[in-house]
Amino acid sequence: MSANPQKPPKSLEELEAELYAPAGTMTASTATQPVKFKRPVRFLRRLFWVSLLLAIPTSLIWIANLPYPVVRKTMTEKAPILLLPSYIKIESHYKSAIAALEQADRLIESPTSAADIDLGGQKLQEAQKHLNALPTWLASSVYEYRYWGYGWQFSYAGWNSARARAGRLEAKVFQERNAQTQLSEANAALNQAKQQYAQAATPIDKPIAIAAWRSALDQYPQIPTSTLAGRTARQTYETSQRDFRETVGLAADNQRVATIIAGAREFGRQAAILGQNPPHPTEKWQQIAQLWEDAIRPLNQIKPDDPLGYAEAQKLMAEYRVNLAQIELRRSAEVNSVRAFERAQSEINTLLARPNSTNPNYTISQLQSIINQLEKVQNGTTPYLEAQRLLLSAKAKLNEFQR
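Each position in the sequence shown, counted from 1, maps to that position plus 156 in this note's numbering.
Careful, some of the hints might be misleading.
[Said to hold, decoys possible] Simulated restraints, written as ranges between beta carbons of each label pair:
id	residue 1	residue 2	range
1	Q426	E498	26 to 32 Å
2	A418	D361	17 to 23 Å
3	G314	S382	24 to 30 Å
4	G314	D374	45 to 51 Å
5	D399	A428	40 to 46 Å
6	S340	S382	16 to 22 Å
7	S252	R390	36 to 42 Å
8	I360	L485	40 to 46 Å
9	S502	F557	16 to 22 Å
10	A271	R390	18 to 24 Å
11	L485	Q355	51 to 57 Å
Just so you know, these hints were derived from the structure itself, not from any lab. If you're wondering where the values come from, they're calculated on a predicted model, not measured in any experiment. By construction, the Cβ of each residue, glycine as well, lies at the ideal position given by its N, Cα and C atoms.
Input sequences plus hints: build the corresponding full structure.
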């Protein structure tokens, strides 16, 4: 055996004991050995304490800036400087919202193309995003937003005004986009109608294509003129109207006028047929008058700029209005005559109910009243013949009493 036997290796517990043992208790062998772990452990301890010291005030500031009115009011009174992060965040969102709103307003209110509307809508969404980021508790905490003499831009009134402005611009964007959709549909219908007219080869297809072309043109005036699409539609409408007249010519106008006049003549013919062989009851006179009105109404659609059809339309309207006036007179005469005849019949029935009256003056008075009512029944009315028969009888009876 050797004189210096090899020592067994130290365990982990022994190494830790030597590491944390006081300097005076270290053995000579361990004192001469370098300490390998002491410096990293000290660094970790210092890092832990520094982190803890930084976390405590950070947590306090975070708690102070929570959106709780009780906490914020206390901080406002005791240590308002702790609320500075909230103020900076609010001010940043408010400034960004106002800047985006200004850009959106310029693009939406004074657009030069559809791209301006789309870009304005994007800016509006950006502004709304910043406005939505502003906490709702600001409504009850406006009193705290005033410190350090800094020119804060945020104000509760300005916040409400910005939200109202954003809502108005949102409605404007919605209206503009709807108008753009209407304009696109009108343009598509117009192009399709033009193509249909170009391909029309038969006399039947031409009027159908012309009607489709007119229908497409009628869509443009329906677009609100307060929108960009409406202003564009007005220009397109004027140009398309000119193209329509140049392409289709007066043939379309003449055909349209001829169709209107033909329809009016048909109503007039039916009214004349229905009015034959008078007298007629009140209801039938009313039907005849309605037919004359239906004949007159479409003629009003023919404007003075239709040179060929306007004169004919005015001539027919004058004739039909005279006929309508005559029908109204006949109807009024029928109404009044029927009313007078019914009153006379009622008085006759009253007189017949007292055949043995001893008062001749009463009978004479009743007969005179009956005669007056029967004389109101006009010639050409349904009760006229019967009224004349009763009138002769009443006058004969009156002569008997007056002898």
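How the hints compare with the structure:
1. Q426 - E498: 26 to 32 Å: Since Q426 and E498 have Cβ atoms about 31 Å apart, the given range 26 to 32 Å holds.
2. A418 - D361: 17 to 23 Å: holds (20 Å)
3. G314 - S382: 24 to 30 Å: Once the Cβ atoms are compared, 27 Å apart, the range 24 to 30 Å for S382 and G314 holds.
4. G314 - D374: 45 to 51 Å: With Cβ atoms ~46 Å apart, the hint holds.
5. D399 - A428: 40 to 46 Å: Given range 40 to 46 Å: holds, Cβ gap about 42 Å.
6. S340 - S382: 16 to 22 Å: holds (18 Å)
7. S252 - R390: 36 to 42 Å: Given a distance of about 38 Å, which is inside 36 to 42 Å, the answer is holds.
8. I360 - L485: 40 to 46 Å: holds (45 Å)
9. S502 - F557: 16 to 22 Å: holds (20 Å)
10. A271 - R390: 18 to 24 Å: holds (20 Å)
11. L485 - Q355: 51 to 57 Å: Roughly 54 Å apart at Cβ, these two residues keep to the hinted range, so it holds.
The structure is consistent with each of the numbered hints, conforming to all of them.
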